[in-house]
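Please construct the entire structure, taking both the sequences and the accompanying hints into account.
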Amino acid sequence: MSHFLAPVFEVGFFESDAVRTAVIVGAAVAVVAGALGVFTVMRGQSFAAEAFGDIGTSGGSGAFLIGAAPLVGFLVFGVLAAGAMELVGIQRARGRDLATGIALGAALGLAALFMYLDSTIHNTTGVVVTILFGSIFEIAGSTIPLVAALAAAVVAVLLVIHRPLLLSTVSPEIAGARGVPVRIVGATYLLALAAAVALCALTIGSILSTALLIGPAAAALRATRRPGRAVLLAAALGVAAMWLGIVLAYDSYYWPPRGNGWPVSFFVVTIVFVVYLLSGVPAWRERRRAHAATARRAFADDRGTPHRATAG
Amino acid sequence: MPVDNPRDNPRDNPRDNPRAARGAGRVPRGLLAVLLAPLAVGVLAGCGVSSSGDPAAPGQIAAVGAENEYANVIEQIGGRYVKVSAIESNPNTDPHTYEASPSVAQTVSQAALIVQNGVGYDTYMEKIESASPSAGRRVIDVQKLLDLPESTPNPHLWYKPSTMPAVAAALARELSELQPAHAAYFAANARAFDASLQPWLKALRRFGEHHPNTPVATTEPVADYMLEAAGVDNLTPFSIQADIMNGTDPAPQDASLEQSLFAAHRVKAFVHNQQVTSSLTESFVNDAKHSGIPVVGVYETMPTPGYDYQSWMMAELRAIEEAVTQGVSTEKL
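So the sequences go chain by chain: A and B.
At position 230 of the first sequence (counting the first as 1) the number is 230 in our numbering, and the numbers step up by one without a gap.
At position 287 of the second sequence (counting the first as 1) the number is 599 in our numbering, and the numbers step up by one without a gap.
No lab work stands behind these hints: they were computed from the structure.
Accuracy of the hints is not assured; some may be wrong.
Said to hold, decoys possible - Simulated restraints on C-beta separations:
#, chain 1, residue 1, chain 2, residue 2, range
1, A, 255, B, 578, 24 to 34 angstroms
2, A, 6, B, 511, 47 to 57 angstroms
3, A, 255, B, 432, 24 to 34 angstroms
4, A, 266, B, 507, 52 to 62 angstroms
5, A, 266, B, 601, 29 to 39 angstroms
6, A, 20, B, 443, 42 to 52 angstroms
7, B, 511, A, 68, 38 to 48 angstroms
8, A, 140, B, 623, 29 to 39 angstroms
9, A, 106, B, 506, 51 to 61 angstroms
10, B, 576, A, 255, 24 to 34 angstroms
11, B, 578, A, 140, 14 to 24 angstroms
Said to hold, decoys possible - Derived, one-sided and incomplete: chain A residues facing chain B with beta-carbon distance under 8 angstroms:
#, residue
12, 19
13, 122
14, 126
15, 129
16, 250
17, 260
18, 261
As the structure is a prediction and not an experimental result, all values here were calculated from the model.
For each residue, glycine too, the CB sits at the ideal point set by N, CA and C.
The structure is reproduced here in structure tokens:
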């Protein structure tokens, strides 16, 4: 295998502990993000995901101060934010956008303070990069069980609530009439979303976390309207983007400036972006074909009745 | 030594304060601000100017050392005729990310004599100096004093054995011009300083003779000049040292190489910057311990109280020597 794949996988790729941890954690996170992302896009709640990312920034940077893992900080602050959003009822951007914007700004301001304290009183370095843009190659192997458990819990919750969640997503009124506890289902989903964003933040950073959550899901929902298939497709696209990003970041060690790899998050987010653009191609071509057909018809009509204009 | 030992006030130790931050996740937002305000004040005090008490008395020269090791040498040369302030003295702060506060700016702008490192290590000093020009102010920029280019990759010049004797000589010169009446006193202090450095310089030479090309691993180039002077072979590539120093993520290739140094027992000691850590450097420390390789913690700024420049340098060399000869770890001085 190493022979014909040598141009793709640079020396030491399969032996590196950092790469192995990144591949495992990245896959688990991408699967969760894809699954949750489909519902997030369908429910129009990407704003909530973005909010969890912003608030998670303060959680992650605060975790360093007490010597906890950043994932714990992302998670605790995300769950608290989910509770607050549920109480206040601002899971979507519409309305109250001013108050929400200011609250999110305050959360990022708190992150600025925590990051300052991290490097001044807690002799930590590289916190800003790790929290904002992720350090997937720096994740300790001992984190894998926690990540796996969290990912499994989120997927399990989703399996349990997916039917009522889908129904209340498509039509809250019908769901309510059929006895679905719409609010509880919504709140459970919000908690799962907070956990998914925390996982994304661990891999590609808190401010990029939404890209992994929304991008593959949006692309998948363009390819298929069936939620089950969309979840599988989004998870597959997410894993592909993550793994390809890891390979490219590893290989970039040999690109200029030599001896310094490019960030994994750059590759992952860029791949997600390209996948999203490509997913729009079929619909675009469809539109063009329809447009061309209309134009042809109009042209043909025009030719077919050459004297109409003058006659009119 | 001809001068009083400088005593930094270990005031407002910010290590006591993270407890305030610990509760931050659980308290309402209003309370948070109340809790954080004293924390921020405590931190500013901890990272700010630390000096030996009262303002400069009449006849005393107000002097500033950007890093406390330079402040210590100013104190040793200037003795009773200087009033020295150190800007960076907190052993829990990464000096590379230090930002000056307004009170620091005031102290610097009022100083008659300044010693700063240069090489981009303390650029805030130049900013403050150019923001408050003063004709009478004398600035010893160690990089310029040693005639080093701006592109010098390793800024930790005070670990170079030739640095402080040059700084001491320059200090004696500048101080004598500021107070010509005490020129003999300053010159005598500079001679005494050079003499007191001899044990360290001899120990460095002896180490090189007894343990030539001892292989070690590092996290940052902090003590690299001293390691070089001791004839040590630093097997960690400079790219990983620079990445950790600059707060970016080292490539997995570099991390694997570092881990292999421990796993294959290719190094006799792991010299790491205990002042600036990350999850990666902590994992290296664990790897080293796991493979039975002794760990030596080195400092960017002089640990206080209890050390002067000479005894600090000696203590770090001793720690490395004990690691290499007896396999003993010294994680903190």
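Just pull the numbers of the violated hints for me, sorted ascending. none
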